[in-house]
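Since the structure of chain V is provided, determine the placement of chain X with the ligands on it from the hints.
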Amino acid sequence: MARFEMKASSRELELICSGLWDVHHLSGLQERLAEAVYSARRKQVVFDLENIVRFDTAAGLMLWRLRRQLKSRGIAMQIRNAAEDTGRILEMTRTHGHPDAVYSVKNYGPLESLGRFSVSVVHDFIGILGFIGHTFAILAAIVIGLRPMRMKEFLYQINESAIKALWIIALTMFLVGVVVAYQSAVQLRTYGANIFIVDMLGISILRELSPMLTAIIVAGRSGSAFAAQIGVMKLTEEIDAMRTMGFDLYAFLVVPRLLALIVMMPILIFFADMFGLLGGMVVAHTELDITPMMFMERFEQAVKLKHFWVGLIKGPFFAVLIASIGIYRGLAVKNDTESIGINTTRSVVEAIFIVIICDALFSIVFTRLGF
Amino acid sequence: MAKRIIEVKDVVTRFGDRTVHDHISLHVDAGEIYGFLGPSGCGKSTLMREIILLEPLQEGMIRIFGEDICGLDHDEAQALRRRWGVLFQSNALFTSLSVAENVSVMLKEYTTLSARLIDEIVALKLDIVGLKQGDGLLYPSQISGGMKKKAALARALALDPELLFLDEPTSGLDPISAREFDALILKLRDMLQLSIVMVTHDLASIEGTLDRMAIIDERRIAAEGTLEEVREVDSPFIRTFFGGELT
Ligand SMILES: Nc1ncnc2c1ncn2[C@@H]1O[C@H](COP(=O)(O)OP(=O)(O)OP(=O)(O)O)[C@@H](O)[C@H]1O
Ligand SMILES: [Mg+2]
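Sequences listed follow chains V and X, in order.
Per this note's numbering, the first sequence runs over residues 1 to 371.
Per this note's numbering, the second sequence runs over residues 1 to 247.
With the rest of the complex left out, here is chain V (with noise of 0.2 Å):
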């Protein structure tokens, strides 16, 4: 422990140290020593270090803190019998040390947080219009011809992001469908339109449920497979030796993903709805007494085609907010390993709320149009 003891004579305090002052002993030390000299009223504080055992920088840069405290007050401070390295601490801390020194971080408050949230919002949201206009005019420039198209990037991130997902989707759909037919059939049953199950699920999978449960699962699962990978090739600079070697980080890394995910998403949604279909199926069959005869034949006199092409056309448009927020986020992590975390969240939360937001417009155009 850092300790002192107080001698106090007519004219000054002799303050006698001893004991380990060093950074993990001198909590509240100067506080304690300040009001030691207050309480004793002198003019003048003499430290005896003699008897210190061990004496760091910040045990150095603390007594120095303690002079200027006292020298405000009127209160001169000397120091006595500093053995040699005491001696060469105090004499180094007080050449190198910065009294003024702050380091600590900035709090904004409530209102300053707001408006910089707020400015950040607009800000990214500005940003990836303008990366998905971009994206766009390389696509164009690949459909007519003006740049070639990188095939085997492109059938790669196909078997990534989308056949390597067909078993997670094939599997939460099967239980969607029967999770919801499982619910309707007990409604349905009391009024005895059981074979109605078969238009609820119908409409309702074929619509919503498969294009948005798609959605959210590629937005967690390659969105996010986006922002990481993207992300860290920056952060190793990879991207920047892309840059150097003249290779285009759109024809690369953008387009590839982009193109993938638009051709691939409504055949997912297609596989979506059959597996959905047929988890409501089975809860029809054991529930409801409905056979999958009747169930087939009921499903083409009451679901029309419209239903599948509405869903099956929100695709391509959910592929490209997915797709461009992942890489737009993974683009956006700066030098820190921090940003990579921060980012990668993001593209996952952002391509959800978008893509929700994106299904409720569909929805009202759709209605207004009568499909």
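Please note that the accuracy of each hint is not assured.
Claimed, not checked - Examples of chain X residues toward chain V, derived with CB under 10 Å: (1) T95; (2) D119; (3) V122; (4) I128; (5) L163; (6) L203; (7) E207.
Everything labelled a hint here was simulated from the structure, so no lab data went into it.
A quick note: this is a predicted structure, and the numbers were derived from the prediction, not measured.
Cβ coordinates follow ideal geometry from the N, Cα and C atoms, glycine included.
Using the frame of chain V, we list chain X with the ligands on its own:
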């Protein structure tokens, strides 16, 4: 006799069926700058990692500050770790913290000093490694390689350790920065009465800074001692390494 700050005795290290260290013994005295030298892959980093408790010791004995590192419990190991600072080869600065925060992170974690005093300690550490006060506000991505080394050194010095470990401190620096760094290390040793253990390949730094060194070659200590003593030893590595100057 000077106090022995590190003692390594009969250390054997094996990875799978490959032996990296075969009964290695050496000691580091208080206040000296000691070097681990040897060809690439001879196990310098591994030995250092064993000493600083990052790698479990397989066989043999290591004493540091007089304490046997085998059979330390968690608290004892933690207390021991605070008595040395480590400068990693890749700096290992926390990229999401500013330079000043990197230096203050241990002070905030292990002490209850006032924020103002911590700021002053940080400023002092930045000053003695030769960084400007304004540099403390920058992030690791915003500073040069040489500055990163200095920042990492300032962080290693945060708690005023008695012992400093440096893994290839001058690699990746240009010759002028490397010599400056050597001078800095010598200055800090005198200023803070440090003992320093470093792994190095840099001939100029070996000549300029090391008091004593151990050469690890062929799984054993090929030579230990001052530069003059080591040069006298006849071994293939020493001949090629000190090449032209061996006459
Ligand atoms: N965890 C491990 N598992 C297996 N082998 C290892 C492990 N760590 C180190 N080695 C091996 O031990 C040997 C010594 O490695 P070490 O990193 O200590 O070498 P070094 O002397 O520091 O070389 P360099 O100068 O290139 O850094 C190497 O052959 C390495 O392959
Ligand atoms: Mg190494």
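message: Going through the numbered hints above, which ones does this structure break? Give me the numbers in ascending order.
response: Result: hints 5, 6, 7 break, sorted rising.
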